[in-house]
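Novice: Sequence:
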Amino acid sequence: MRANPFQSRYNFREAEARWQKTWEDGKVFETKTDDPRPKYYVLEMFPYPSGRIHMGHVRNYAMGDVVARYRRAKGHAVLHPMGWDAFGMPAENAAMEKKSHPGTWTYANIATMRTQLKSMGLSLDWAREFATCDPKYYKHQQRMFLDFLKAGLVTRKTSKVNWDPVDHTVLANEQVIDGRGWRSGALVEQRELTQWFLKISDYSEELLSALDGLDRWPEKVRLMQANWIGRSEGLSLRWQLVAATAPAGFSELEIYTTRPDTLFGASFMAVAADHPLAKAAGERDPKLAAFLEECRRMGTSQAAVDTAEKKGYDTGIRAMHPLVPGLEVPVYVANFILMDYGTGAIFGCPAHDQRDHDFATAYNLPIKPVVRPVALSDAEANAAFDRKNSPTTDDGVLFNSGFLDGLTVAAAKEAIAKHFESESFGGRPVGQRKVNFRLRDWGISRQRYWGCPIPVIHCDDCGTVPVPNQDLPVVLPEDVTFDVPGNPLDRHPTWKHANCPCCGKPARRETDTMDTFVDSSWYFARFTDPFNADEPTTPAAIAKWLPVDQYIGGIEHAILHLLYSRFFTRAMTITGHASLKEPFAGLFTQGMVVHETYKSAAGAWLSPVEVRIEAGDGGRRALEIATGKDAVIGSIEKMSKSRKNVVDPDDIIESYGADTARWFMLSDSPPERDVIWSEEGVQGASRFVQKVWRLVGEAVDLLKAQSGGTPHAVTKAAHKAILAVGDDLERLRFNRCIAHIHDLSNSISSALAEPGRDTAGNAAIREAVVIMVQLFAPMMPHLAEECWKELGGSGLIADALWPAADASLVVEAVISLPIQINGKKRGDIDVPTDASPADVEALVRADAKIMAILEGKPIRKVIVIPKRIVNIVV
RNA sequence: GCCCCUGUGGCGGAAUUGGUAGACGCGACCGACUCAAAAUCGGUUUCCGCAAGGAGUGCUGGUUCGAUUCCGGCCAGGGGCACCA
765 MRANPFQSRY NFREAEARWQ KTWEDGKVFE TKTDDPRPKY YVLEMFPYPS GRIHMGHVRN
825 YAMGDVVARY RRAKGHAVLH PMGWDAFGMP AENAAMEKKS HPGTWTYANI ATMRTQLKSM
885 GLSLDWAREF ATCDPKYYKH QQRMFLDFLK AGLVTRKTSK VNWDPVDHTV LANEQVIDGR
945 GWRSGALVEQ RELTQWFLKI SDYSEELLSA LDGLDRWPEK VRLMQANWIG RSEGLSLRWQ
1005 LVAATAPAGF SELEIYTTRP DTLFGASFMA VAADHPLAKA AGERDPKLAA FLEECRRMGT
1065 SQAAVDTAEK KGYDTGIRAM HPLVPGLEVP VYVANFILMD YGTGAIFGCP AHDQRDHDFA
1125 TAYNLPIKPV VRPVALSDAE ANAAFDRKNS PTTDDGVLFN SGFLDGLTVA AAKEAIAKHF
1185 ESESFGGRPV GQRKVNFRLR DWGISRQRYW GCPIPVIHCD DCGTVPVPNQ DLPVVLPEDV
1245 TFDVPGNPLD RHPTWKHANC PCCGKPARRE TDTMDTFVDS SWYFARFTDP FNADEPTTPA
1305 AIAKWLPVDQ YIGGIEHAIL HLLYSRFFTR AMTITGHASL KEPFAGLFTQ GMVVHETYKS
1365 AAGAWLSPVE VRIEAGDGGR RALEIATGKD AVIGSIEKMS KSRKNVVDPD DIIESYGADT
1425 ARWFMLSDSP PERDVIWSEE GVQGASRFVQ KVWRLVGEAV DLLKAQSGGT PHAVTKAAHK
1485 AILAVGDDLE RLRFNRCIAH IHDLSNSISS ALAEPGRDTA GNAAIREAVV IMVQLFAPMM
1545 PHLAEECWKE LGGSGLIADA LWPAADASLV VEAVISLPIQ INGKKRGDID VPTDASPADV
1605 EALVRADAKI MAILEGKPIR KVIVIPKRIV NIVV
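For reference, each letter of the first sequence is one residue, going 765 to 1638 in our numbering.
By construction, these hints were calculated from the structure, which means they are not laboratory data.
Nothing here was measured: the structure is a model prediction, and the numbers come from that model.
Some hints could be false.
Said to hold, decoys possible - No farther apart than 27 Å at their CA atoms in a straight line, the calculated lysine-lysine pairs in the DSS-like style are these:
| id | residue 1 | residue 2 |
| --- | --- | --- |
| 1 | Lys1455 | Lys1553 |
| 2 | Lys882 | Lys1455 |
| 3 | Lys921 | Lys1043 |
| 4 | Lys796 | Lys785 |
| 5 | Lys924 | Lys1260 |
| 6 | Lys796 | Lys863 |
| 7 | Lys1613 | Lys1588 |
| 8 | Lys1621 | Lys1631 |
| 9 | Lys1408 | Lys921 |
| 10 | Lys863 | Lys838 |
| 11 | Lys882 | Lys838 |
| 12 | Lys882 | Lys796 |
| 13 | Lys1345 | Lys900 |
| 14 | Lys1363 | Lys1408 |
| 15 | Lys791 | Lys803 |
| 16 | Lys1553 | Lys838 |
| 17 | Lys903 | Lys921 |
| 18 | Lys1625 | Lys1589 |
To be verified - Here are the computed distance ranges between Cβ atoms for each label pair:
| id | residue 1 | residue 2 | range |
| --- | --- | --- | --- |
| 19 | Ala891 | Gly1227 | 39 to 49 Å |
| 20 | Thr1523 | Gly1392 | 37 to 47 Å |
| 21 | Ile1323 | Trp946 | 18 to 28 Å |
Yeah, the Cβ is synthetic: ideal placement off N, Cα and C, and Gly gets one too.
All chains should be modelled from the sequences, with the hints used to inform the complete structure.
Specialist: Printed below as a string of structure tokens:
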């Protein structure tokens, strides 16, 4: 006779390893492309192989796995793949430190993290795994780049980079700290390089308007993308320069504005430091040249530009106001004007723009109000105007503005546009309406080794020549060193020398590699058929599996990754590699994992394992284990190495098991919000695992022979739970699912404690236990398999269908309605569920208790909301 | 500066989307079992009050028979973007 497994605690260590092996041996989660069931593609953002997985990964992949397992149970053919976003800078940094190859470090990390992910028991199709640094992957990426090139989706132009003048290398924004290179400490300079771009800005309008169709995306993300694309309607306007003040060859300055209505308030103009006019003026004014040089020493990141003090320099050039005869306006160079946006030049109206106001105040320029509140007269508005006051840009009425006086802002914009469209000089209209976008082309050139080589050859005679398809992939050389800063591809002795595919003469390979965002802009498509060695994608597989039905990842990718992927999918469709526009039908962005911070009495950060928490009357307190002294419990923050408030998933899975870790990650906090990792919380989850094991043990021991069943309270609870959990899983509200499952387990406990149970009661409990196991199976899959086996379920629970709820069991014959008097609850009354409002009102009026509370006050009105509430107004 | 989100017991949160505020969990307290502890089981747990009762969802107005939910103003915390013209 075999030992009763329920006499001891559930042994997660033994069970989890065993079920993981069963799933793997049976290839349970490998997806068959010809599976006839309706498809469902679940994808979590694939990880960068940084070393070890962290709790954020656990949360992300636990959520995705619940969706995947639930969809399997609902009868879908589920695609749930995993891979590695394996190119990137950290590998080069590690190579520099450890004097090894980036690939060695990357593949070692992948091996570690794969083992860690497998210990979570995820229902992943590992047969489809790939790493983006594998030539078998980036070969196809190079092929698509060349197809994009042919289709006119690629361009080459100059743009600015952060240049470290000591290390002679290009720096990423994060490598620039306080304007200095992170290793050399040298002041960073801006340098112009010719680089490769994908022409995403040609699709600004399309990418913006298609956001409306993404109805299963969070509103927040759509809004962020819309703001990033930044469509604006404005006017480009040509100002004539005062000839005596302008550099040779310059007679006009074209600006872009979204507030042409404020033109009468213009008191200065400003151009970007790299505007041609600024450069020309700099050649005749050494001080201006020095100022331009100073602007160039700002980093290229927006953050660097943002935090710099607003500065300007008067070029001495004067522009003629296009509407006020005789008014000459000074032209400044300003460090906050961007050459990339609009025309790189503006006019400033200090009274109605905060930044212009700051500038005018600093340089003592005129400030003239031109929009006033509707309620004031012109005279009152002029009298009330205060130079120091914050400018108002509220919608109002124009004044001090000639022919615009009395018009609304919108009408004035229209009038100005009409006026300048019909005026002209030099054979062109003075002003033109223009829709402008903030979105810029996507620069993909990186002067780095660990990325996908751009497959182009530069020939002195033929120019830039694509590498022929049959020569792909252009593979990274293995023999590289990182002891010197700079791009190893550039200084490699032989790699860059190649013959021109056109004329056959010696030529040079492109040594730039691609931005890693390119790698992640199509991996979801590659997963649909990663076995195709010849083509990036297989049309039938794309048609079958895309779009991704549910994409899950961090909010930090709300803009760039998702926007680039949306563009890339369109580009793939244009070049015949895909057949759709939007890659992600459903998107969910999960919150961070946060943890308390601890500091020793001496003020040093302490990690959670160095601290013991004691709970007592005075609340919780922390003790430093090593010293026995009190430690300070600090604020709850995102887990980070610097604050030491990290918890290692391996430790948690080792001491509590994967199911407990997953269960806790999903419980309590709504998934889109941050979750606080706490030891108490994990222990609570662990207790629930053991409770389930005990309940199943009782059900098995007592009720083995039972089957069938008649309605019973616990049956009703179980069927209600099926509906509630299913509904919440559909909406990814995992915390509520868990609450419903707790409820059901409580109902089962109560039913088991009832004295004098009959056969039917026993059968009902058994059925409820089976249902409970099925309901938590997506979240705690190992425990569910173990319980399923003990309860005599057939096959694997991973293959079992979701239980069907019997709607007739869920209906109640009588419900209790709350009774309010003047909106305050005063009592309850039991009424038949199907009672009409009139019946309910009659029952209420006949109820002695309610009438007693009323004390004979006349009833003015009785409001009956069926199945909800009754409100008596007296 | 602009945009977005959030604010409910000691704590995480729930509230059928305008209808019984505090489900479920954590913590705490009381009790049972135990020589004892752990584990487990039962009970209590928004606040004030002995009670009847009253107050209560950041603050403050409003709409409504009825507001955690909708609208206006404010406060606090978090996030994103940015000198975007």
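Novice: Given the hinted pair Lys1613 and Lys1588, is their Cα-Cα distance within 27 Å?
Specialist: Since the Cα atoms of Lys1613 and Lys1588 sit roughly 15 Å apart, the hinted pair holds (cutoff 27 Å).
Novice: Does Lys921 lie within 27 Å of Lys903 when you go C-alpha to C-alpha?
Specialist: 25 Å, holds
Novice: When you check the alpha-carbon spacing of Lys796 and Lys785, does it fall within 27 Å?
Specialist: Between Lys796 and Lys785 the Cα gap is close to 20 Å, so the pair holds against 27 Å.
Novice: Would the hint linking Lys1625 and Lys1589 be met if the CA-CA limit is 27 Å?
Specialist: 16 Å, holds
Novice: Measuring from beta carbon to beta carbon, are Ala891 and Gly1227 in 39 to 49 Å?
Specialist: 43 Å, holds
Novice: Quick check on a hinted range of 18 to 28 Å for Ile1323 and Trp946, using CB atoms only.
Specialist: With a Cβ separation near 25 Å, Ile1323 and Trp946 satisfy 18 to 28 Å, so the hint holds.
Novice: Given the hinted pair Lys1455 and Lys1553, is their Cα-Cα distance within 27 Å?
Specialist: 17 Å, holds
Novice: Please work out if Lys796 and Lys863 have their alpha carbons no farther apart than 27 Å.
Specialist: 43 Å, violated
Novice: Quick check: does the Cβ-Cβ distance between Thr1523 and Gly1392 fall within 37 to 47 Å?
Specialist: 59 Å, violated
Novice: Given the proposed pairing of Lys882 with Lys796, does the C-alpha separation stay at or below 27 Å?
Specialist: 21 Å, holds
Novice: Are the Cα atoms of Lys1553 and Lys838 separated by 27 Å or less?
Specialist: 20 Å, holds
Novice: Given the hint that Lys1345 pairs with Lys900, does the C-alpha gap stay at or below 27 Å?
Specialist: Judged against 27 Å, a Cα distance of about 25 Å means the pair holds.
Of the numbered hints stated above, those contradicted by the structure are hints 6, 9, 10, 20, listed in ascending order.
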